[in-house]
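Engineer: One line per chain: the protein sequences are A and B, in this order.
Per this note's numbering: the first sequence = residues 1 to 250.
Per this note's numbering: the second sequence = residues 1 to 475.
A few of these clues could be false.
What the hints assert, rightly or not - Which residues of chain B face chain A? A partial, calculated answer using Cβ under 10 Å:
1. Ala24
2. His178
3. Tyr369
4. Ala413
5. Ser416
6. Ile418
7. Glu420
8. Met424
9. Gly430
10. Glu433
11. Val440
12. Leu442
13. Phe444
Said to hold, decoys possible - Estimated spans, in silico, between C-beta atoms of each pair:
14. B:Gly330 / A:Met1: 35 to 43 Å
15. B:Gln204 / A:Val13: 55 to 63 Å
16. A:Lys111 / B:Lys106: 37 to 45 Å
17. A:Ile177 / B:Gly330: 55 to 63 Å
18. B:Lys450 / A:Arg54: 32 to 40 Å
19. B:Glu119 / A:Glu211: 55 to 63 Å
20. A:Lys119 / B:Gln204: 57 to 65 Å
21. A:Lys133 / B:Ala24: 49 to 57 Å
22. B:Gly330 / A:Thr25: 50 to 58 Å
23. A:Gly147 / B:Gln204: 43 to 51 Å
24. B:Lys450 / A:Glu211: 45 to 53 Å
25. A:Lys133 / B:Glu119: 40 to 48 Å
26. A:Asp61 / B:Glu420: 18 to 26 Å
27. A:Gly39 / B:Glu420: 16 to 24 Å
These are computed hints drawn from the structure, not numbers from a lab.
By construction, the Cβ of each residue, glycine as well, lies at the ideal position given by its N, Cα and C atoms.
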Amino acid sequence: MAVLEVRNLHVAVDGKRILKGVSLTVKSGEIVALMGPNGSGKSTLFQTIAGNPRYQVVEGDVLLDGASLKDAAPEERFAKGLFVGFQSPVAIPEVRFAFLIQAMLNKRSGKKLGDANPKIAEAFKIAGELGLKQDVFNRGVGAGFSGGEFKRAEVLLALLAKPSIAILDEPDSGLDIDGMAAISKALLRLAEGGAGILLSTHYARILKFLEPSKVYVMYDGRLVLEGGPEIVKKVEEAGYERLFKEAGIA
Amino acid sequence: MEKELADVRGMIIESERASELLGAAKPVPYAVELKGRITRDMIEEISKLKGEPDWMRRLRLRMLELFEKLPMPKWVRGVGEIDLETLVHYAKPQTQTARSWDELPKEIREYYEKLGLPEMEAKALLGLATQFDSEIVYFNFKRKLEEKGVVMLPMEEAVKKYPDLVKQYFMRVFPAEHKFAALHGALWSGGTFIYVPPGVRIEQPLETFFLIGGSMESQMEHSIVVADKGAQVHWIEGCSAPRLLKYSFHNGMVEGYAHEGADLKITTVQNWSRDIINFNNKRAVAEARAHVQWVEGSIGSKTTYTFPSTILKGEGASTEIYGITAANGGLWKENGAKVWHLAPDTKSRIVNKSISANGGTSVYRGMVYVAKGAKYARSHVQCDALVLDGDSANITIPHDQVFEETAVVTHEATASRISEEKLMYLRARGLTEDEAKASVVLGFVSDIVKDLPFEYAVVLQRVLELEFSKLGRVG
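Next comes chain B alone, as it looks inside the complex:
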């Protein structure tokens, strides 16, 4: 691992955190910008601009009604900062969806180049879509997958081209059960739809990359990934943003579906700049003997709420939910997990690793539900916290609801720090203080990172290394 790490290092991001890497946001020409109060007119306008079928227009309007009715969640910190009426809720850049990087406007292309996406696509991906603000601006997908019947499309195209397929999943895995989910349903724009037919196994990942290019915007992409019976797919989502004047609001949704015996992996490398308030709505269903794996690498943003969740619906279904949370600086980062065991012999494993430093707070908020009749369900939750100084904190809030006697639900939590003793030992072996800290931080998350595709492991490690190697004195 370490050898390969060094080999590709040259090609990958050489710079700092997302905001430093991308610099300050540059003006980008927009074709359409819809701003202000969220009304029926605004929703109708978005639907019209997208040329949507009527069922989707009605879905949006239903969601708007729910949004208006549902109460503001009280437990969410930072929600007071968001003034929805001042945000641009639909920002369509002045470009068509490009099939090659050259077709993109220079300002936009440069962002992706700085992130190393063209190289990543060439080296590791079978399909890549990139979203800029509200729309997918670049999309490329290997023909050999198309020939096997695999579908990967910007969501808007899928809604038109495969309405019956999309309808089966769209906000059915994740219904509008809270205000922000409903808001998402009303305003969604962009995201990708992926469908892998029965028995088709895709060995290399597909990726969608989300970039927020402007201040005072909302981005609410909707992604669906479906692995039909016995299929296998790995979808990666990356997120980044340049430095913004004020802030922007992300409220995306991911719905996953692993049909019988399917294997679905969803990996997120979230490296928003410090100006993003980040909400996520992520849920997957696993049918009998299917497996769902979530990896949530939550590095950037100002505030994050993300709870990858799996409904273990069929007998023998299983899930793993891995989380890495970095709360460096006065940030509030919640990275949790939820699992519903609804059938016998279902298994879940949640591993959450958090690093808090310089006044950062990381929170694990988790829920394990075992329904009566989910015989011999097994769940293990492991939360490891690395807290680097006295100003920083980790909060672990596990919650179990177990209604089945034969179920075994276990928890394990550890807390550690980088003591002077650890640093001294590593320095006596030749490592500088920064290298010693980076080694501890990277080592701490290594058992999650090693499961990622190699190129992504490198990116994630690099981001973490930069984030934590320049810490002040720790004690």
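Just chain A, with the same shape it has in the complex:
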């Protein structure tokens, strides 16, 4: 049973305060959704959890199974069972996607980077299910990937890494309805396998597939609403602006 806990997190980037006291928890097998308008701090939260050194924790902490991650490097967090998917494509044309998969799987199982890894065959299979074309494997990571390809690739990596907590930053953006369905199915499988999932999204649509147990809405670096699937409905019907007005937030 894994638990990711974010406690009163305050984060600054280049001296500017972005997160102003965020607290939430994600447990094994549960799906938690984070919604909110652009610029509300969702990606900042995720990058901080991933351990990105650009994001400076001013106050509060992130804990995995009760232990602080404050001093853990990104690769150590990965080793402890965290997987954080990125929102926008990072292009690393030098590193082939197939090599990244192999390297990641080897790191996960405590082997050397370049060792052979039989699970690469599994990657091809899952890629097929996610609608990710085979030629992607021979291209550089993110190199010339469409938005949809990058999202599918991130979900593929999450599935292969078998994390205890998977965090996905807008896994649905840039996808058509079929892509969304495929990704939802994959994430459900991940949760059924025991992983806790935290995902951000702009749209209610993917949450119809996923049925999150908890939904948070973030605005200006704070979690302003918290509840169940009914919040998704409200966001969809009213939009953020009206919702925040009604709640007396903005």
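Starting from the structure of chain A, add chain B where the hints point.
Structural biologist: Quick look at chain B alone, frame taken from chain A:
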């Protein structure tokens, strides 16, 4: 690839860069050392010691005259550091050319063992010659090739045994067109002569390995590789040196000849220690429908000037010139290419990849010449630079001279860096910072490395990995 890479890793160099791997230079007994001013007497003495035929002695003396006449090239950096009069120009170690590793003096054998050459020979090579300072000290060549008429010999032996064959090529592919080429011609010593008869195709590579064992020396080996009509050969040259007290000067020459329809490959894995000033004179001729491939892996040395060049002489001849340059630390590394398109339907492709870090400068200096009448000649030059920090640089100096209207000559250049974003992404996938950097660097050169024989790909990757995985912070 990655699987095999891991498999043989154990057998290959486990250590650091060349200098760290080989440690500091150890004293080696010499039979002869000729030092000081480069005079007619010195040249005569070398020729006499080698027991050369008169034509070679006269060639040397002609080259000496040219050396004295030709001006010092102004564009060469670091040339001021070389004081030719203080260098030992001929250093013959106290040993005969051995046919087995056991026959070599211990000090010398240990160097080669540390480099993993005996294993490499057993696994991947059909012939191997190793040079220590001025002479080939070890030479072994598979009998089955001899039976097919293939010749592989230390150059001195070939000069005596096959004078008519050697004369056709010796400094004819690369004439003494500049001061250092002439100097080379006057002082050359060592190197190998390879001749592959018509139609003979050698599937596994032949190698010559060059080691400079002492400080304040010059090494000027001369190698010739000839693929006769329809023949195929792949020759590899490796270079290394231990850590030296001061510096040494390398001024070698490689002449290649691909006759009609032949396939000639020449691969260099240059990993000199940081005490070597490295000059090279490399040129090949491709006759009709012949193909010449150069791979220049320029990793070590303090200063390097190397420009593998091909003269596309016959119709339909083609060449590929691949370069990998690592300039890590305050080094100046020039790794360029030259191609002369002299006949119709000739093709050239130049791919140059450079990595600069910690104040290193890599330079691509290239020339594509298309003669009038070389109809429909095609050339593409691609230069990719990976510059790892703000103190480092890449300079790309392409130069075209196109006198044929139907020719198509194109260029493409990219520059990239290892950004914090790239590192963060890879670290979030479990790679440490060092592993992330090494993966980017190795990936950057992978499309060149994958063409190398497997064992060499491993060596080159390993060397690059060690060179660049311990970088300071990059940004």
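Engineer: Decide, hint by hint, whether the structure agrees.
Structural biologist: Structure-based check of all given hints:
Because the closest C-beta pair between alanine 24 of chain B and chain A is about 31 Å apart, greater than 10 Å, the hint is violated. The beta carbon of histidine 178 of chain B comes no nearer than 36 Å to any beta carbon in chain A, farther than 10 Å, and the hint placing it at the interface is violated. With 10 Å as the threshold, the beta carbon of tyrosine 369 of chain B stays out of range of chain A, its nearest partner Cβ sitting at about 32 Å, so the hint is violated. Interface hint at alanine 413 of chain B: violated, since its Cβ lies 15 Å from the closest Cβ of chain A, which is beyond the 10 Å cut-off.
Because the closest C-beta pair between serine 416 of chain B and chain A is about 7 Å apart, less than 10 Å, the hint holds. Look at isoleucine 418 of chain B: its Cβ gets to within about 8 Å of chain A, closer than 10 Å, so that hint holds up. A distance limit of 10 Å between C-beta atoms decides the matter here; for glutamate 420 of chain B the minimum to chain A is near 7 Å, and the interface restraint holds. Look at methionine 424 of chain B: its Cβ gets to within about 5 Å of chain A, closer than 10 Å, so that hint holds up.
Hint status for glycine 430 of chain B relative to chain A: holds, with the closest Cβ pair at about 3 Å, below 10 Å. Checking glutamate 433 of chain B against chain A by beta carbon gives a least distance of about 8 Å; that is within 10 Å, so the hint holds. Contact between valine 440 of chain B and chain A, as hinted, is supported at the beta carbon level, the nearest pair being about 5 Å apart and thus within 10 Å. With a least beta-carbon distance of about 8 Å to chain A, the hint placing leucine 442 of chain B at the interface is held under the 10 Å criterion.
This hint holds: phenylalanine 444 of chain B has a C-beta 4 Å from the nearest C-beta of chain A, less than the 10 Å allowed. At about 55 Å, the CB distance of glycine 330 of chain B to methionine 1 of chain A disagrees with the hint of 35 to 43 Å. Against the hinted window of 55 to 63 Å, the Cβ-Cβ separation of glutamine 204 of chain B and valine 13 of chain A comes to about 56 Å, which satisfies the hint. Distance hint for lysine 111 of chain A and lysine 106 of chain B: a CB-CB separation of about 38 Å, consistent with the stated range 37 to 45 Å.
One distance hint, 55 to 63 Å for the beta-carbon pair isoleucine 177 of chain A and glycine 330 of chain B, holds here, with the actual separation near 57 Å. The hint said 32 to 40 Å for the Cβ distance between lysine 450 of chain B and arginine 54 of chain A, and at roughly 35 Å that hint holds. Remark: the range hint 55 to 63 Å for glutamate 119 of chain B to glutamate 211 of chain A is upheld by a beta-carbon distance near 60 Å. About 34 Å separates the C-beta atoms of lysine 119 of chain A and glutamine 204 of chain B, a value inconsistent with the hinted range of 57 to 65 Å.
Take lysine 133 of chain A and alanine 24 of chain B: their Cβ atoms lie about 54 Å apart, and the range 49 to 57 Å holds. Between glycine 330 of chain B and threonine 25 of chain A the C-beta distance comes to about 52 Å, which sits within the given range of 50 to 58 Å. At about 47 Å, the beta-carbon gap between glycine 147 of chain A and glutamine 204 of chain B stays in the expected band of 43 to 51 Å. Evaluation of the 45 to 53 Å hint for lysine 450 of chain B and glutamate 211 of chain A yields a pass: the beta carbon distance comes to about 47 Å.
A C-beta distance of roughly 41 Å is found between lysine 133 of chain A and glutamate 119 of chain B, which places it inside the suggested range of 40 to 48 Å. As the Cβ distance of aspartate 61 of chain A to glutamate 420 of chain B is approximately 23 Å, the hint placing it in 18 to 26 Å holds. A hinted range of 16 to 24 Å for the beta carbons of glycine 39 of chain A and glutamate 420 of chain B is consistent with their spacing of about 21 Å.
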